[in-house]
Each structure stands twice: as C-alpha cells, then as structure tokens.
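S.K.: Protein chains in written order, with my numbering: chain A, 1 to 203; chain B, 1001 to 1283.
No lab work stands behind these hints: they were computed from the structure.
Hints should not be assumed to be uniformly reliable.
[As the list claims (entries may be wrong)] Computed Cβ-Cβ distance ranges for the label pairs, DEER-style:
id	chain 1	residue 1	chain 2	residue 2	range
1	B	Arg1060	A	Gly13	16 to 26 Å
2	B	Ala1273	A	Asp80	44 to 54 Å
3	A	Thr59	B	Arg1037	25 to 35 Å
4	B	Ala1273	A	Arg62	35 to 45 Å
5	A	Arg62	B	Glu1033	30 to 40 Å
Don't be surprised by glycine CBs; every beta carbon is placed ideally from N, CA and C.
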Amino acid sequence: MDEPALIHAAQRGDLNAFNGLVLAYQSQVFSLACRVMGEADSAADATQEAFISAYKHITYYRGGSFRAWLFRIVTNACYDELRRRKRRPAVSLDELTNSDDGPDDASALLVSKEESPEAYVQRREVRDAIQNCLDHLPADMRAVVVMSDVQGLDYAEIAESVGTALGTVKSRLSRARARLRDCLQNVRELLPAAYRLEEESIL
Amino acid sequence: MTTPRDLDLLSTHLDHALSPNDQAALEARLAREPELRAALVDLRVNRRLLRALPAIKPPRNFTLTPAQAEALRRPRGFSLFPALRLATAFAALALAFVLFTDWRTGTLTGGAASAPEIQSAAQSNDAASGGSAEIAASPTSIDLFASSAITEAPPADVALTPSAKAGALEDTATPSAEFSIAAPAMSPPPGVGGSLPEPTPAPMTQDETTRIMVALTETPAVMTDTTHTDSATQVALAPLAENPASAPVAEPGPPATPTLRYVEIALAVLVGALALATWLARR
Chain A
1 MDEPALIHAA
11 QRGDLNAFNG
21 LVLAYQSQVF
31 SLACRVMGEA
41 DSAADATQEA
51 FISAYKHITY
61 YRGGSFRAWL
71 FRIVTNACYD
81 ELRRRKRRPA
91 VSLDELTNSD
101 DGPDDASALL
111 VSKEESPEAY
121 VQRREVRDAI
131 QNCLDHLPAD
141 MRAVVVMSDV
151 QGLDYAEIAE
161 SVGTALGTVK
171 SRLSRARARL
181 RDCLQNVREL
191 LPAAYRLEEE
201 SIL
Chain B
1001 MTTPRDLDLL
1011 STHLDHALSP
1021 NDQAALEARL
1031 AREPELRAAL
1041 VDLRVNRRLL
1051 RALPAIKPPR
1061 NFTLTPAQAE
1071 ALRRPRGFSL
1081 FPALRLATAF
1091 AALALAFVLF
1101 TDWRTGTLTG
1111 GAASAPEIQS
1121 AAQSNDAASG
1131 GSAEIAASPT
1141 SIDLFASSAI
1151 TEAPPADVAL
1161 TPSAKAGALE
1171 DTATPSAEFS
1181 IAAPAMSPPP
1191 GVGGSLPEPT
1201 PAPMTQDETT
1211 RIMVALTETP
1221 AVMTDTTHTD
1231 SATQVALAPL
1241 AENPASAPVA
1251 EPGPPATPTL
1261 RYVEIALAVL
1271 VGALALATWL
1281 ARR
C-alpha cells in the first residue's frame, strides 16, 4: 500500500483511495475503540464516526503519522461516546476476537498448539481479567496504555494521537501501568510458570 | 519499597526512553534491589500480557459508500443555530441588565424620589375627598401614596390619629408601612357597605396643607425616639416643617416605571422566543 499516494488521492476526493485507507486501518482503529470502550457496539459506532470524520477532514491532514491522526479522531470519538453512553448493556469482546479462527502473532504468546481445554479456559480468564482491569482505568490512561502496550505506538505517536505533551504521555502511561500492576496481581497465578521465568531471565 | 518515582523510572526504562545517566543509575539499583527487580518483572509481564491480547475483528467494513460520500461532500445549508444562540445570549444579558438597573434604581432612589412628590402634593390645591384610606405598599409606593392620602383628606376634620402617627413613624423600619388618616365626617352611604364613598372635590388651601404637615412634624419625640425611622421620610418632611411656604411647586409627573416594565416584559418575551427558536434550529 502506497500510503502517501492514497492519502493524496483521498484528499482530492477519491473515495476508492480513502476506502483503501479504511481497509488498511479499520482493524487497528476498531481494536483501539473496543479496548477503550470495553464494548463492541459502541466501539463500532465510534469507529464509523471516526472514519466519517476522517473523510470530511482529510484535507486538513498535514503529514506526520496517518495512524496517529486516525487514532486521535477515534480516541476523541470514544471519549464523546463514553460521555454520552449511560448504562448500556455490555457485549463480550470474545465473540469478536479472531483467536478462534487461528492464532495471530500476538495471541500466539498465550496459545499453544497443544492447548488443552483447561488451558483454553485459563487463557480466557486471563484475557477477561486484563480487559476488566483496563475498564477500571480512567479513560485517558486507558487510551494511552492501549496505544502503547496493545497497539505498540511510541511516545511521539501517542502524544500526537491524544493531543498531549510527551511528558504527559509518559506520566499517564506510568500511572496506568502501576494501576494495572496492582489490578493484575491475582491474574499472575493463572499464568504458566514459564511465562514469568522467561521475563526474570531477561534481567 | 517501590515508590511512584521508581515505577516512573521502570516504566520509562521499559520503553527504552531513559537518558544514559538515568539508565546506568537504574541498572545499578536493579542489581542490588530485588524488590525493584520484581517490580520491573511485573511491568514486563503485564506488557506482554497486553501485547498478547488477540486482535479484535471488526464486525463489518467501515468503508464509505458513494452515497455516503456524496452526502458528506454536499455543503450543509446555512444554519441559523449559531446566530440564534448568540442573539439569545445577548437578549438574556440585556434582560438581566435591565432588571438589575430597575432593581438598583428602586433601591437607591426609591425613598429620596418621594421628597419632591410629597412637597408637590402638599402644595397642590387639587384635593379630593376621601373617607379613610389605609395604604400599605413598598417603600417607593409609601411616599407616593402617603402624599396622595394627605392631600386627599378633607381639610377641616383631618387629624392624624395617634396610632396612625406612631404607625407611620415607627413602622417605617419595615419595608411596608401603614398610614391612616381619619376623616370622621365621611361615612359610607347606605347600602354601599364598606366601599369608599364617591370622591367629593374639596379644594385645599395652602394654609390647610401647611397645618397638616405641621401636625405631622409636631411629634419630635416619636421621631427622635424611633431608632428605625426612615431617613427618606425625614428628608421629605423636614423642608416642609421649616418653611412650608417656600416649598417649590412641582408638576406631579407620572411614575417612570411603566416604560421600564414594558421593556422588561418585551425583553423577557424576546428571550423566550429566541430560546425556543434556538432549540428548534438545533433539532
């Protein structure tokens, strides 16, 4: 994908070029929205709203990371949606994950080819516990930690995405990680022993 | 004990964003502090857990259809909403200003403004007959109506009853007061009951008016003993007591309030209409 060419064409009103960008980023954008919202329906709404807004304002895009630009739009859409959303029933994210279709690169860390039913249940428990801990973070911390530790963005991209200074990003990320550390204490018992030993061996 | 500052350092270390000096210092501490090392392991494990979260498959494509794109490209019609919102805000401010001005004017000049009115009323020869009149009103109205009551009383038998004097002078500490001027000669006609009799024009001379005002002011003990006497009433009566004949003759003009009331009502209606229009425009 020639991203700059697609962006340039989209800025001139080429819908196909814009849809090419949508297809390239919709998974990441929706994933971020889901992690921030903790709920699939609202995340889909926020994602659609974000792409519509991106289409309307793509002429204002002035270079830099296009992903960060999109993430900024979707993050703002999520914040707006979170403000609007009042007691809506939550839908499990498990139905939407593609782990059952075959492990991707990230989930491979927790999935073994010889996964037993017990291991599968354990993996689901770990995943639910993580999402639960994420849901209990303030929205601004959640967005930063998802972008950093789930999506793998660097500080500069995160700062661009959430529209704050680099120092604020570092501070939010540090506080979010500290809170997650407290929240995930119990989950560690569910992890395979090798998982922790591997990390300790790195030091 | 791992402090928040330590966690900051560990978090930044995790992202390889520490300065070389901080990095070296932290590594030295990690080598000798098992607790700090354990915290770093926790952070690493957590990050790996987060990275291991499966990607979430979008439930559908979010591509835009040509119809959607056309609708988004179409320029939106001129919206009245911003203009209406601004106009509503200005109208509300104007209403608040007028109300405040009205309130301030009434507070500051309500008592003092009655002085010329009393003087002019005292000088006026337009007298109207009246039986008994008991008026209770706000401070502004007290002076206005009190002066009217004084001039409307029959000249010959007018006497301020003691209770009325006391009430008039002592009750002025409260926002409302009651003036009572008795006219024993007047009685309601048969069959009318307690209603006021038909006004009978009775011209009042200058001397008679002066005598009324002197009678009012011949109660210095009450005036001075009353701690809550309305200063405006004193101001109004003092010139008459000193030199009633020299009081200037002024044309009693109509009250200035109605115009302001009309403005207030008009502004209130305007604010309501604009707010409604703004709400409709927003929908």
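S.K.: Would you mind marking each hint as holding or not holding in the structure?
M.R.: Hints, one by one, checked against the model:
{"no.": "1", "hint": "B:Arg1060 with A:Gly13: 16 to 26 Å", "verdict": "holds, 24 Å"}
{"no.": "2", "hint": "B:Ala1273 with A:Asp80: 44 to 54 Å", "verdict": "violated, 31 Å"}
{"no.": "3", "hint": "A:Thr59 with B:Arg1037: 25 to 35 Å", "verdict": "violated, 51 Å"}
{"no.": "4", "hint": "B:Ala1273 with A:Arg62: 35 to 45 Å", "verdict": "holds, 44 Å"}
{"no.": "5", "hint": "A:Arg62 with B:Glu1033: 30 to 40 Å", "verdict": "violated, 46 Å"}
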